[in-house]
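K.L.:
Chains as they are written, first to last, in my numbering: chain A, 443 to 633; chain B, 443 to 633; chain C, 457 to 702.
Please keep in mind that the hints were generated in silico from the structure rather than gathered at the bench. The C-beta atom is built at its ideal place from N, Cα and C for all residues, glycine as well. Just to be clear, a hint being listed does not mean it is correct.
[Claimed, not checked] Derived contacts from chain B toward chain A, CB cut-off under 8 Å, selection only: (1) L454; (2) F456; (3) Q466; (4) V469; (5) L471; (6) E491; (7) E492; (8) P494; (9) W515; (10) L519; (11) V526.
[Stated by the list, open to error] Here are the simulated BS3-like cross-link-like pairs (lysine-lysine), alpha carbons at most 30 Å apart as the crow flies: (12) K478/A <-> K449/A; (13) K530/A <-> K572/A; (14) K566/B <-> K610/C; (15) K542/A <-> K517/B; (16) K496/A <-> K449/B.
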Amino acid sequence: MLSKTHKIVEALLFAATEPLTMEQVEVCLEVDVNLKNIVLDLNYFYDEEEIPIKIHQIADGFILKTREEYEPWIKRLYQEKGNVKLSKSAMETLAIIAYKQPVTKPEIDAIRGVSSYMKTLLEKNLIEMKGRHEGPGRPLLYGTTSYFLEYFGLNSIKDLPKMQEVEELIKENDNENPTVPQELPFQDSSE
Amino acid sequence: MLSKTHKIVEALLFAATEPLTMEQVEVCLEVDVNLKNIVLDLNYFYDEEEIPIKIHQIADGFILKTREEYEPWIKRLYQEKGNVKLSKSAMETLAIIAYKQPVTKPEIDAIRGVSSYMKTLLEKNLIEMKGRHEGPGRPLLYGTTSYFLEYFGLNSIKDLPKMQEVEELIKENDNENPTVPQELPFQDSSE
Amino acid sequence: MSYKVKLDIFEGPLDLLLFFIKRDEINIYDIPISYITKEYLEYLDVMTQMNLHLAGEFVNIASLLIRIKVRMLLPSQQVEDSEELEDPRTELVQMLVEYRKYKEVSSILKKIEDDQLNLYYVTAKTDNDEIDPDIFLSDIDLLDLGLIFNKLLKNIPKPSYYNIQDSKINIPTQMQYLKSLFIEKKKIKFSEISTHIEDRIELIVTFLAILEMIKSRFITVSQKTIFGDFWLNKNKEETFNVIQNS
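This is chain A alone, in the form it adopts within the complex (with noise of 0.2 Å):
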């Protein structure tokens, strides 16, 4: 039988973007656990129940995957346009990766003004981990990869568009980009 931990854990599991790891589990829960056994009773569990995901231990933590039997269908969801496209946000965070790399997520969190996930764009290896930064914390250092320059033929970083070449393009359009009118708007309707 599951413990309320065991239940909690996998929560965590469920919830979590990127792998999830001992220490997390333990500030999260304030108590020490066996995590692996924890794993192995879940995966029994899914196993007995015909759930279609198994946990995963990988270098950096537990991921939960789904099972390789459902990839024949999950391969056709992910194919199926419009499903596979990269989000608003994923764009963005790739984009301010590009721009400022190596860079860290509290400073692409700034930028963007919400929290930001990784994990698409590490899994679709666009993005990787390029060390620590020294400050504070040592937050991950994340830059992008050999594969983003090649997907984009270029031969170096330094071949991105240049902020001032972004700037006159948009000068040209910006016919298009009316601004919103900013008039104090109360009206006295009486008169």
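Assemble the complex: chain A is given as a structure, and chains B and C must be docked to it using the hints.
P.N.:
Chains B and C in isolation, oriented as in the chain A frame:
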């Protein structure tokens, strides 16, 4: 008992990065399925087995989310970052846009009695421009996005409480005469 | 009289009026205009005394309230038609009733938001080696990346929702202004200066200017009560300089 079809849909739900639609399921399975019933069965199964997830229907698709009761632990995983809530004024503006869309800024401002800022809502992709009003000055029209539905876990804009219900709620509040007099939020600091 | 005011709790003049209506259990369709106008103006008075920027919208509603009050006081000349005469309050009531609906909706949305943010998306990886990443990227090209980054740089979120406009005043100009006031007077009440101040930045700059002037011994400051108004007193020996500077 859950069928093979149930299991495939379940695997697709785990793998999907956007709400899983009826069409996607049919493309993947190459047969017609009753997705709603499958979702009901899966949710029943998750309840029975105490699996910490639930399928939600939002914006014309289905997504898996963690159960509310695990939020205290998951929150620690994210260290409370990322969940920046909307300000009071942003929420008021959004409420008006949601109900009166497509709507212009002067119309919104007239209802609120103050000038409203759209920037945060536009940045968060909760609202978007929906062309221009034909009237004088041709002001921009605003409406909610599909991400708005996702953000509030709604299946469609029609799932918002009806204005009539809202008015009844206000009436009820009116009748519940508050007995404790509320103080103006001034403090005499000379005390 | 000095107050600490938590202004940010009101979203605007209508919100403030709704607060009075709720607090005093007023029937929104039968608002005692004299009373509510008095409350409203008192509040504005406190705001002004605190030298807080009074948004134009607050003033607009104040004048609307006063107009309604006047119209209600005027004796209706045609008694027979009085039933057909429109209640001067109608427009205000409509505004309040409409705004109240959306205020209610926004509190409902707030609750939904709270609930939703407690739920997290479930993610499982897939062994997607076979999935062509090129499809994934098919929607963007190099220029898109540049455009997205450019847009982000321009829209780096500000730490607050307030729209702070560039203040044209600085400490030296404000000092000049203050000095000019002392040409005719030896003593100036701070509240006399502050009534002309339009926003907080200006208030802060004025304070800094005053501090500078104390430091340079142009003026001294006296105050009778804690948190009370204070006087700026011109130092005698500086009189000559002022005339020169002006």
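K.L.:
If a hint holds in the structure, say so; if it doesn't, say that too.
P.N.:
Hints, verified against the model:
1. L454: L454/B check passes; min Cβ-Cβ to chain A is 5 Å, inside 8 Å.
2. F456: For F456/B, the interface hint holds, since the closest Cβ of chain A sits about 5 Å away, which is under 8 Å.
3. Q466: Q466/B check passes; min Cβ-Cβ to chain A is 6 Å, inside 8 Å.
4. V469: At about 5 Å, which falls below the 8 Å cut-off, the nearest Cβ of chain A leaves the hint on V469/B intact, so it holds.
5. L471: Holds. Min distance 7 Å.
6. E491: Constraint on E491/B satisfied, holds at 6 Å.
7. E492: holds (6 Å)
8. P494: holds (4 Å)
9. W515: Cβ of W515/B sits 5 Å from chain A, so the hint holds.
10. L519: Since the shortest Cβ distance to chain A is 6 Å, the answer is holds.
11. V526: holds (7 Å)
12. K478/A <-> K449/A: Roughly 14 Å separates the two Cα atoms, so the pair holds.
13. K530/A <-> K572/A: holds (24 Å)
14. K566/B <-> K610/C: It holds: about 15 Å lies between the C-alpha atoms, which stays within 30 Å.
15. K542/A <-> K517/B: At roughly 29 Å apart (the allowed maximum being 30 Å), K517/B and K542/A satisfy the hint.
16. K496/A <-> K449/B: It holds: about 14 Å lies between the C-alpha atoms, which stays within 30 Å.
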